[in-house]
Amino acid sequence: MANQDNYESAVNASDKQAEFDYERKGIVHRIQHTLHMTPSLVPLVVLLGAIIVFAVILGGRFFSGPTLTLILQQVQIVGILAAAQSLVILTAGIDLSVGAIAVFSSVIMGQFTFRYGIPPAIAVALGLAVGTGIGAMSGWLVSKVKLPPFIVTLGMWQIVLAANYLYSRNETIRSQDIREQAPFLGFMGQRFEVGSAVVTFGVVTMVLIVVILAYCLRSTSWGRHVYAVGDDAEAAELAGVNRHGTLMSVYMLTGFICAIAGWVMIGRLGSVSPSASTGVVGNIQSITAVVIGGISLFGGRGSIWGVFFGALIVGTFELGLRMAGANAQWTLLLIGVLIIGAVAVDQWIRKVSL
Amino acid sequence: MSTEPILSARNLVKRYGRVTAIDHCDFELMPGEILAVIGDNGAGKSSLIKAVSGAVIPDEGEVFLEGKRVRFNSPIEAREHGIETVYQTLAMSPALSIADNMFMGREIRMEGILGSVFRRLDKKKMEEIARQKLNDLGLMTIQNINQAVETLSGGQRQGVAVARAAAFGSKVIILDEPTAALGVKESRKVLELILDVRSRGIPIILISHNMPHVFELADRIHVHRLGKRLCVIDPKDYTMSDAVAFMTGAKEPEAVAA
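Here the protein sequences line up with chains D and F, keeping their order. Heads up: the first sequence at position 329 corresponds to 328 in numbering that gives the first Met the number 0, and the numbers run straight through without jumps. Heads up: the second sequence at position 236 corresponds to 235 in numbering that gives the first Met the number 0, and the numbers run straight through without jumps.
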């Protein structure tokens with residue numbers, strides 16, 4: 000080191016070492032930091048706020064067991080689809096085919112039972128398998144062929160929806176037939192009462208899916224890898240994450256959960272219809288719940304609980320405004336405001352590092 | 000040099016189409032040393048390092064770790080052999096915590112049924128080890144190991160990345176431009192960290208453009224030019240201008256042996 004040009008002498012090397020001291024910068028900064036750690040707080044506050052406002056306006060008519068559980072029943076399909084959607088969005092992707100997969104899976108469950116006489120339980124299992132398979136195809140195209148998720152699932156949406164009409168010959172299976180010949184298909188629609196609350200197995204399934212996913216995302220290495228891949232796929236790979244395996248598992252699980260949503264749809268609607276509106280609007284509804292729930296569309300941030308609250312917010316607005324006698328357009332308008340507000344909050348939370 | 004090199008390569012070749020990034024290159028890293036790899040942009044430094052760390056599979060040639068022939072098909076395989084790389088991009092997930100990042104891809108699960116059936120992570124243990132490793136390096140006074148990496152400064156991030164490598168790299172640590180994105184003060188801290196890692200007996204490959212840093216830290220300097228090793232010099236025998244002249248081809252080394 001004899002030749003070293005000593006131009007760093009002005010820098011005092013014995014300066015204080017780098018520190019992790021977190022400087023508190025007042026209440027706003029503290030809120031920002033808290034939200035950064037627990038992003039699902041925003042939708043929870045909005046949800047509780049909405050319930051309180053409607054309870055004040057509508058009184059006991061709204062704030063009662065049957066009404067509040069009616070919200071749960073009304074959001075069960077979208078809630079499950081949104082849980083599936085959040086997995087893909089956490090990996091910085093998007094799945095436009097969730098609704099189509101749900102409808103196609105429900106059609107397969109129904110047609111396999113009635114056209115081929117397969118026992119309903121096996122038909123349901125096959126429907127779930129088909130959903131998983133469609134997810135696997137999308138996952139493979141995204142992960143191996145490296146096509147953008149938006150394009151892959153936009154195409155898959157059309158393909159699955161068209162296959163759905165072609166295969167079902169646009170026939171609806173009547174609810175009467177399902178009730179009489181294959182009640183298992185409608186199992187998710189069975190209801191039981193807890194006090195004054197009415198709960199269906201579909202609602203229980205939705206909550207279970209959210210609880211299990213929340214656990215897996217938080218407390219298993221698979222969950223950490225999902226976040227890492229969504230945050231920065233290249234970095235995750237260099238750090239030792241199996242990017243392909245993680246993406247495949249996410250898309251397959253998404254397909255599987257969408258197929259469960261298909262089964263829940265049979266219970267909720269009573270019939271199996273290839274033209275159920277979920278096939279077309281399911282995507283947008285699920286993405287709406289995800290965004291309001293505070294999951295970043297850029298991937299790697301947010302929690303599944305937020306999405307659950309997001310779905311409930313939409314359901315609360317819809318039912319509350321309808322009970323208040325407001326024009327249905329007000330619901331859409333408010334949801335639009337919420338979407339933009341949620342993304343604005345997301346951007347603000349990201350600035351916590353600055 | 001009577002000792003065996005801990006990591007070495009013979010006759011490495013890597014072509015990308017018509018471009019030959021590595022052209023019959025040799026490479027040696029001795030135990031306990033800091034070997035700097037310098038060279039002009041496009042000379043093939045990164046390709047060489049990727050070839051010995053598994054990020055790139057060489058077309059020809061052999062890599063030896065402690066005298067034994069090894070073939071890495073991915074950085075993960077190299078890692079399993081105790082070779083850790085700190086990439087220029089750091090390979091960290093900004094939204095995840097320090098502890099999450101340090102254990103990315105090698106998480107510790109709980110013991111018993113919680114871990115084996117429910118796959119539950121032992122967060123407490125990982126946090127403890129992460130804190131321990133950062134402290135071991137005399138690195139930082141940590142307030143919150145669960146802080147997201149994106150809330151750290153550039154130097155702190157680099158520190159965490161080096162700590163991660165030092166925590167798991169049992170045989171070799173490769174640092175790719177560790178100070179390139181840092182200010183003078185932050186660089187200084189990272190340099191101290193590198194010396195600290197060496198003092199624990201782990202050899203380091205340092206790729207850098209910063210001649211003062213290279214001359215300060217390196218025990219030997221591998222000068223890379225046109226895809227191969229031009230020479231290995233001792234920083235005590237040459238000046239920085241000499242080194243730059245070798246790199247650019249303005250000057251030929253008298254004796255290629257070192």
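Hints in this document: simulated from the structure, not taken from any laboratory. Please note: incorrect hints may appear among the correct ones.
The calculated lysine to any residue pairs, modelled on SDA-like cross-linking and capped at a C-alpha distance of 25 Å, are [as the list claims (entries may be wrong)]:
no., chain 1, residue 1, chain 2, residue 2
1, F, 123, D, 40
2, F, 122, D, 145
3, F, 122, D, 143
4, D, 143, D, 243
5, F, 122, D, 35
6, F, 122, D, 36
7, F, 124, D, 219
8, D, 143, F, 15
9, F, 124, D, 35
10, D, 145, F, 93
11, D, 350, F, 145
12, F, 124, D, 218
13, D, 350, F, 182
14, F, 122, D, 32
15, D, 143, F, 182
16, D, 145, F, 224
17, F, 123, D, 35
18, F, 123, D, 37
19, D, 350, F, 151
20, F, 250, F, 224
21, F, 122, D, 37
None of the values given here were measured: they were computed from a predicted structure.
Note to self: Which constraints among the numbered hints does this structure fail? Numbers only, ascending.
What the structure shows: 2, 3, 15 and 16
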